Amino acid sequence: MDDADIDGLQYPVSQPHDANGDPQPDVLWDVPKPLKAYLHGIRGYVYHRETVLKDPVTLTNCVLIDPDDFDTYRASSAFIVFRSRTIPQPLVSKPSRQSPAEEFDRGIKLDAILYPTLSGDDKQWDSYRRNLEATCRTHGLKQVLDPKYQPTSLDERDLFDRHQSFLYQVFVRTLLTDQGKKIVRQYDKTYDAQSIYRDLCKFYTQSIKATSTANTKLQWLTTAQLTADQWPGSHVSFILHWLDTLRQYHEVAKHPTPEEQLIVMLSNAVRLVPYLRNVFDTSEQLALQNNNRPLTFDEYASLLEAAAQNHDEVTKGSKPKPNPRKAYATDVVTTGDLEPDPCPPMFDFNIDMDLGDYYAYRTSLSSACKTFLPNEL
Numbered sequence: 087m088d089d090a091d092i093d094g095l096q097y098p099v100s101q102p103h104d105a106n107g108d109p110q111p112d113v114l115w116d117v118p119k120p121l122k123a124y125l126h127g128i129r130g131y132v133y134h135r136e137t138v139l140k141d142p143v144t145l146t147n148c149v150l151i152d153p154d155d156f157d158t159y160r161a162s163s164a165f166i167v168f169r170s171r172t173i174p175q176p177l178v179s180k181p182s183r184q185s186p187a188e189e190f191d192r193g194i195k196l197d198a199i200l201y202p203t204l205s206g207d208d209k210q211w212d213s214y215r216r217n218l219e220a221t222c223r224t225h226g227l228k229q230v231l232d233p234k235y236q237p238t239s240l241d242e243r244d245l246f247d248r249h250q251s252f253l254y255q256v257f258v259r260t261l262l263t264d265q266g267k268k269i270v271r272q273y274d275k276t277y278d279a280q281s282i283y284r285d286l287c288k289f290y291t292q293s294i295k296a297t298s299t300a301n302t303k304l305q306w307l308t309t310a311q312l313t314a315d316q317w318p319g320s321h322v323s324f325i326l327h328w329l330d331t332l333r334q335y336h337e338v339a340k341h342p343t344p345e346e347q348l349i350v351m352l353s354n355a356v357r358l359v360p361y362l363r364n365v366f367d368t369s370e371q372l373a374l375q376n377n378n379r380p381l382t383f384d385e386y387a388s389l390l391e392a393a394a395q396n397h398d399e400v401t402k403g404s405k406p407k408p409n410p411r412k413a414y415a416t417d418v419v420t421t422g423d424l425e426p427d428p429c430p431p432m433f434d435f436n437i438d439m440d441l442g443d444y445y446a447y448r449t450s451l452s453s454a455c456k457t458f459l460p461n462e463l
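Quick note: the sequence shown uses our numbering, first residue 87, plus one each step.
Hints should not be assumed to be uniformly reliable.
Derived lysine-lysine pairs resembling DSSO-like cross-links, with alpha carbons at most 30 Å apart [as the list claims (entries may be wrong)]:
#1 140 x 122
#2 268 x 295
#3 303 x 340
#4 275 x 234
#5 295 x 228
#6 267 x 228
#7 340 x 209
#8 234 x 295
#9 303 x 267
#10 228 x 288
#11 303 x 228
#12 267 x 295
#13 275 x 228
#14 209 x 228
#15 288 x 209
#16 268 x 340
#17 303 x 268
Simulated from the structure, these hints should not be mistaken for laboratory data. Values in this document were obtained by computation on a predicted structure and should not be read as measured data.
Make the full structure from the sequences, and use the hints.
Listed below in structure tokens is the structure:
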């Protein structure tokens with residue numbers, strides 16, 4: 087039945103007998119407009135279900151039509167377009183219904199280049215972990231990295247299986263350390279990426295290797311000093327590096343360090359710099375003025391960072407420049423009260439500096455030849 091058939095629908099209406107008692111023929115009346123509109127709505131809804139939603143009405147599911155869904159369609163622009171004879175009817179206005187797993191397959195590319203690589207040196211673990219978790223969150227894979235997550239519904243299990251297969255392939259291509267390869271190969275039959283990441287985190291946070299790493303970081307935290315020879319970088323970079331090393335230490339340490347001890351450790355690290363040492367003295371005075379409430383470690387660290395930023399900004403353009411060289415000058419001395427020729431550091435002294443590089447730099451200073459040029463050259 088098309089629109090013209092619906093518009094021409096009529097129904098018979100019985101007529102009373104005439105004066106002689108003879109019956110009269112029925113009279114055809116037009117079907118009321120509200121009923122015709124209802125029939126047009128049914129026709130449009132069937133078309134919409136089949137061509138747009140890809141969910142055609144059948145003999146078995148027609149009794150399951152939700153009246154609210156039908157009323158919503160009749161009030162929508164899709165029905166207005168369907169009823170208009172001057173506007174072409176759209177073929178597709180919505181994507182077909184898909185399961186979460188199908189949506190994942192359509193939206194994600196299997197491209198390991200987007201994921202960080204862990205290779206060569208285990209010191210990359212902290213950077214690798216942060217980059218991996220950030221990328222997985224973007225791609226909707228964060229649940230694979232959660233060792234406690236268990237899917238419940240059928241759709242969730244199907245989607246999680248796709249996630250596992252995808253991330254397993256990523257681990258095969260990006261875990262290039264001996265320990266990483268060993269863990270990946272343990273799950274080559276099950277593609278259990280969730281267990282791979284759990285075992286990897288356990289190795290770097292709970293193993294003998296993790297204990298050794300924690301001891302190294304703690305040793306640096308308690309012995310490092312902000313001096314020109316130990317840290318040629320800026321003052322604020324030293325403080326940020328110290329705080330980041332503390333964060334890494336706490337990720338593998340078995341017990342958290344008390345705040346009072348942290349304040350003492352950080353204040354000792356900067357005590358040879360007068361203006362930073364004054365920050366600690368000022369914090370003590372503020373505590374007395376604030377009902378004896380001492381500053382928290384985060385508050386103290388923020389004060390140090392602000393002071394260091396201000397100092398670095400003021401002194402940024404006032405660092406001494408290397409003495410100019412004269413061609414063919416050969417008068418070289420190795421003794422006397424002469425300033426050493428400033429040499430650029432071999433490493434970048436910033437928040438990401440590895441402790442191994444730091445100790446290598448210190449070693450190179452202690453073994454370097456102390457040969458100076460006279461200042462008058």
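Now for the hints, and whether the structure bears them out:
no. : hint      : verdict
1   : 140 x 122 : 26 Å, holds
2   : 268 x 295 : 15 Å, holds
3   : 303 x 340 : 14 Å, holds
4   : 275 x 234 : 21 Å, holds
5   : 295 x 228 : 26 Å, holds
6   : 267 x 228 : 22 Å, holds
7   : 340 x 209 : 20 Å, holds
8   : 234 x 295 : 24 Å, holds
9   : 303 x 267 : 26 Å, holds
10  : 228 x 288 : 18 Å, holds
11  : 303 x 228 : 29 Å, holds
12  : 267 x 295 : 16 Å, holds
13  : 275 x 228 : 22 Å, holds
14  : 209 x 228 : 23 Å, holds
15  : 288 x 209 : 15 Å, holds
16  : 268 x 340 : 26 Å, holds
17  : 303 x 268 : 26 Å, holds
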